[in-house]
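Number of protein chains: 2
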Amino acid sequence: MGVLQTAKGIRVITTIGEIKEVITKVKRQGKTIGFVPTMGYLHEGHLTLMRKAAAKTDFVVASIFVNPLQFGVGEDFEEYPRDLERDVRLAESAGVSLIFAPGVAEMYPDGYGTTVEVTRLTDRLCGRSRPGHFRGVTTVVTKLFNIIEPDIAFFGQKDAQQAVVLRKMAADLNMNLEIEIVPIVREPDGLAMSSRNKYLDPEERKAALVLSKALLLAKNLINSGARNTADLKREVTGFIGREPKARIDYVDILSFPGLEEIENVSGQVIIALAVFIGDTRLIDNVVLEVD
Amino acid sequence: MGVLQTAKGIRVITTIGEIKEVITKVKRQGKTIGFVPTMGYLHEGHLTLMRKAAAKTDFVVASIFVNPLQFGVGEDFEEYPRDLERDVRLAESAGVSLIFAPGVAEMYPDGYGTTVEVTRLTDRLCGRSRPGHFRGVTTVVTKLFNIIEPDIAFFGQKDAQQAVVLRKMAADLNMNLEIEIVPIVREPDGLAMSSRNKYLDPEERKAALVLSKALLLAKNLINSGARNTADLKREVTGFIGREPKARIDYVDILSFPGLEEIENVSGQVIIALAVFIGDTRLIDNVVLEVD
Numbered sequence: 001m002g003v004l005q006t007a008k009g010i011r012v013i014t015t016i017g018e019i020k021e022v023i024t025k026v027k028r029q030g031k032t033i034g035f036v037p038t039m040g041y042l043h044e045g046h047l048t049l050m051r052k053a054a055a056k057t058d059f060v061v062a063s064i065f066v067n068p069l070q071f072g073v074g075e076d077f078e079e080y081p082r083d084l085e086r087d088v089r090l091a092e093s094a095g096v097s098l099i100f101a102p103g104v105a106e107m108y109p110d111g112y113g114t115t116v117e118v119t120r121l122t123d124r125l126c127g128r129s130r131p132g133h134f135r136g137v138t139t140v141v142t143k144l145f146n147i148i149e150p151d152i153a154f155f156g157q158k159d160a161q162q163a164v165v166l167r168k169m170a171a172d173l174n175m176n177l178e179i180e181i182v183p184i185v186r187e188p189d190g191l192a193m194s195s196r197n198k199y200l201d202p203e204e205r206k207a208a209l210v211l212s213k214a215l216l217l218a219k220n221l222i223n224s225g226a227r228n229t230a231d232l233k234r235e236v237t238g239f240i241g242r243e244p245k246a247r248i249d250y251v252d253i254l255s256f257p258g259l260e261e262i263e264n265v266s267g268q269v270i271i272a273l274a275v276f277i278g279d280t281r282l283i284d285n286v287v288l289e290v291d
Numbered sequence: 001m002g003v004l005q006t007a008k009g010i011r012v013i014t015t016i017g018e019i020k021e022v023i024t025k026v027k028r029q030g031k032t033i034g035f036v037p038t039m040g041y042l043h044e045g046h047l048t049l050m051r052k053a054a055a056k057t058d059f060v061v062a063s064i065f066v067n068p069l070q071f072g073v074g075e076d077f078e079e080y081p082r083d084l085e086r087d088v089r090l091a092e093s094a095g096v097s098l099i100f101a102p103g104v105a106e107m108y109p110d111g112y113g114t115t116v117e118v119t120r121l122t123d124r125l126c127g128r129s130r131p132g133h134f135r136g137v138t139t140v141v142t143k144l145f146n147i148i149e150p151d152i153a154f155f156g157q158k159d160a161q162q163a164v165v166l167r168k169m170a171a172d173l174n175m176n177l178e179i180e181i182v183p184i185v186r187e188p189d190g191l192a193m194s195s196r197n198k199y200l201d202p203e204e205r206k207a208a209l210v211l212s213k214a215l216l217l218a219k220n221l222i223n224s225g226a227r228n229t230a231d232l233k234r235e236v237t238g239f240i241g242r243e244p245k246a247r248i249d250y251v252d253i254l255s256f257p258g259l260e261e262i263e264n265v266s267g268q269v270i271i272a273l274a275v276f277i278g279d280t281r282l283i284d285n286v287v288l289e290v291d
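If you read the protein sequences in the order shown, they are chains E and F.
Just so it is clear: in the first sequence, position 39 is 39 by the working numbering, and no numbers are missing.
Just so it is clear: in the second sequence, position 268 is 268 by the working numbering, and no numbers are missing.
Hint data in this document are derived by calculation from the structure and do not stem from the laboratory.
Heads up, some of the hints might be wrong.
Calculated pairs, PhoX-like style, for lysine-lysine (alpha carbon to alpha carbon, straight line, at most 25 Å) [what the hints assert, rightly or not]:
| id | chain 1 | residue 1 | chain 2 | residue 2 |
| --- | --- | --- | --- | --- |
| 1 | E | 56 | F | 213 |
| 2 | F | 219 | E | 20 |
| 3 | F | 56 | F | 25 |
| 4 | E | 25 | F | 213 |
| 5 | E | 27 | F | 56 |
| 6 | E | 233 | E | 206 |
| 7 | E | 20 | F | 206 |
| 8 | F | 233 | F | 198 |
| 9 | E | 27 | F | 198 |
| 10 | E | 31 | F | 213 |
| 11 | F | 27 | E | 31 |
| 12 | E | 56 | F | 27 |
| 13 | F | 245 | E | 31 |
| 14 | F | 219 | F | 233 |
| 15 | F | 25 | E | 27 |
| 16 | F | 219 | E | 25 |
| 17 | F | 233 | F | 245 |
| 18 | E | 245 | E | 206 |
| 19 | E | 206 | E | 219 |
| 20 | E | 31 | F | 233 |
| 21 | F | 31 | F | 20 |
| 22 | F | 245 | E | 20 |
| 23 | F | 27 | E | 27 |
| 24 | F | 25 | E | 56 |
| 25 | E | 213 | E | 198 |
| 26 | F | 213 | E | 20 |
| 27 | F | 52 | F | 31 |
| 28 | F | 52 | E | 25 |
| 29 | E | 20 | E | 31 |
| 30 | E | 56 | E | 31 |
| 31 | F | 25 | E | 25 |
| 32 | F | 213 | F | 198 |
Where chain F lies over chain E, by a calculated footprint (3+ residues, C-beta under 8 Å) [as the list claims (entries may be wrong)]:
| id | region |
| --- | --- |
| 33 | 107-117 |
| 34 | 144-156 |
| 35 | 163-173 |
Every residue gets a Cβ at the ideal spot worked out from N, C-alpha and C, and that includes glycine.
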């Protein structure tokens, strides 16, 4: 079985065999395929990716799969929010043609044992805090790319390191697709959209603004002429430190997309943050072009 | 440029960009693509793969690439025999339509950093003797599969563990192709065909028969009722040990294709050998169905 159908007609497929059949038919019709991989619990950031995909390709597939391989021990794989029914409705409204929502055993059957790893770019930022995380991401995305065979895959700039790592993987392995990175979508008050924002209680929700405000501070300092990354990181760290509910995982300023350490900001740079607000780990970033 | 052409018209392409263009055209014509990856210095074993590919698919691509990633420190990457002109002639005679012969920098440009790894099946046999070897194989084959996009890829049973590992990789990563394994081709006296046979001096060439003879011994013992793998391995090891030019790397009897240790032979099993004859490491195997 593995096929659900909503009133309006969007299909939810849960098996690899069935979705490959659909993909083969779609390709035979000469249609281009856009792909938006997600872990579900969709928000406006995901929907922006889907609308973009619908504008650029003929047939949009979204996947909803909370990938155990990219969660570490003690991370939130079990609690990660899930709501397939709501997701299907939202995806449909954003122009998605088909949803692929496999179970864990469908993606990683007994005896599964193959990994894809980008050995560069993954030892810093989130890769340092979450060992194995990017190997989990590159492995599942390789599988999904082979299953969906998209012409263009869409990822959010919110996970900036993920975007860079996936582009590197696709280039290194000569994959036959484009990867398009879509800007961060924010709440009206500046908080970057994230499924994990759901974990925040009202006090934490207010405290979480410290991330976007810290990035704005760094941007303003740079616009005022600050260039030394150590000084800038000290300012940002101090600013976040004044929020009692915040605990810094990392504050970094690196070249972009190379993610190299730099002494002074110059050219294209990324300011990237990971901060725990209570027990919830949030990330945010801004990419700047500096003269 | 990157394109050579022989008198009869077979093309040799050395760049990924150019071969992808050709592949796109071939696919647009609705032709099926057969693929035979090799490290060149072709022998009858390779040609058998190519003829098989030509019989089963519309357009056969052979790659010739001595892949540095699958050679360990102190192994024979530098000395591995190469003769592109001869290979092109032979491949053409075996029904190949196109040869892809990239340089190392084309496959692994500066900054290259992505690997594909099968974590099961690779810790035994050649994987134990040659750490990193299979990671090099699975990485280059993933790249080649993405570049050539074959419907069927052909590999030889001589590299039995490689065949099993690649099938596992293709299944785990949901690759869109079939992998066909073609039986070992032997010299009239029983020596399995290998590009490395070229390294053998006349005395070593004679001594090298110890591999196929040892397999025959094991097969005869099993046909006569022997079942205990420890006993069988002892017999085979003793037999090879009586050849002064031979030094055993491994002698193993495992389930096939699972490659699990077994106490008694039963069901489908592989007897696999790696033996140094002088400085040359040779491998051979036989797969048996045992009642």
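Exercise. What are the numbers of the hints the structure violates, in ascending order?
Worked result: 1, 2, 4, 7, 8, 9, 10, 13, 16, 20, 22, 26, 28
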